[in-house]
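Asker: Listed below are the residues making up each chain.
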Amino acid sequence: AQSVTQLDSQVPVFEEAPVELRCNYSSSVSVYLFWYVQYPNQGLQLLLKYLSGSTLVKGINGFEAEFNKSQTSFHLRKPSVHISDTAEYFCAVSIQVGSQGNLIFGKGTKLSVKP
Amino acid sequence: ETGVTQTPRHLVMGMTNKKSLKCEQHLGHNAMYWYKQSAKKPLELMFVYNFKEQTENNSVPSRFSPECPNSSHLFLHLHTLQPEDSALYLCASSPTGAATGELFFGEGSRLTVL
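Each protein sequence line maps, in turn, to chains A and B.
The first sequence begins at 1 in the working numbering and counts up by one.
The second sequence begins at 1 in the working numbering and counts up by one.
Please note that a few of the clues may not be correct.
Example chain B residues on the side facing chain A (calculated, C-beta under 7 Å, incomplete) [stated by the list, open to error]:
| id | residue |
| --- | --- |
| 1 | L43 |
| 2 | E84 |
| 3 | L90 |
| 4 | E107 |
Simulated from the structure, these hints should not be mistaken for lab results.
Just so it is clear, the structure is predicted and the values come from calculations on it, not from any experiment.
We put the CB at the ideal spot given by N, CA and C, even for glycine.
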């Protein structure tokens with residue numbers, strides 16, 4: 001069965017500092033990988049996704065993630081965070097079964113950016 | 001504005017009440033989903049509909065009853081709920097299956113069961 005582990009439940013960081021949010025997954029088959037963000041009192045919004053090709057994926061708001069198959073990781077990074085990046089970030093994996101596939105989410109990492 | 005609208009945004013109900021959550025998408029998508037978001041737990045997929053047909057029921061208790069009258073509307077009927085059912089219920093849509101596509105989420109309905 002597939003699973004997703006987000007190693008940090010909370011990450012506090014100062015404004016303009018770099019940040020890395022960690023995500024590891026387990027799966028016996030090829031997966032698709034996603035990062036979603038949830039701002040306070042809102043639904044989830046896609047940040048970026050890895051389907052195939054280049055292992056370095058760039059997303060919105062200056063975020064990027066790198067797919068590492070040997071380490072089964074898909075860590076999210078940003079070189080310089082802003083106050084507005086304060087939100088909860090969810091890693092998700094999906095496999096395709098026939099014509100269908102469903103996302104499995106991690107528990108989330110709360111990023112808190114302080115001035 | 002994601003194109004997925006959920007109502008009501010907040011709902012408080014007693015354990016004997018019957019209420020419904022509504023979701024509407026204006027994106028022309030063919031798949032719709034209900035997720036449950038509880039504190040300190042991963043998002044739990046509840047139901048999936050493709051072209052109005054239910055394709056997944058993730059062992060959800062029968063006190064939750066989904067309805068999908070067309071590809072644009074999705075309901076979650078609630079009856080005789082328990083306090084542990086208090087959570088944020090998120091609706092999402094996608095063009096087809098979720099595997100390679102992006103899910104578009106609504107802002108959620110915050111449910112409190114007294």
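Asker: None of the hints should be skipped; say for each whether it holds.
Answerer: Results for each hint:
no., hint, in the structure
1, L43, "4 Å, holds"
2, E84, "18 Å, violated"
3, L90, "6 Å, holds"
4, E107, "5 Å, holds"
Checked against the numbered hints given earlier, this structure breaks only hint 2.
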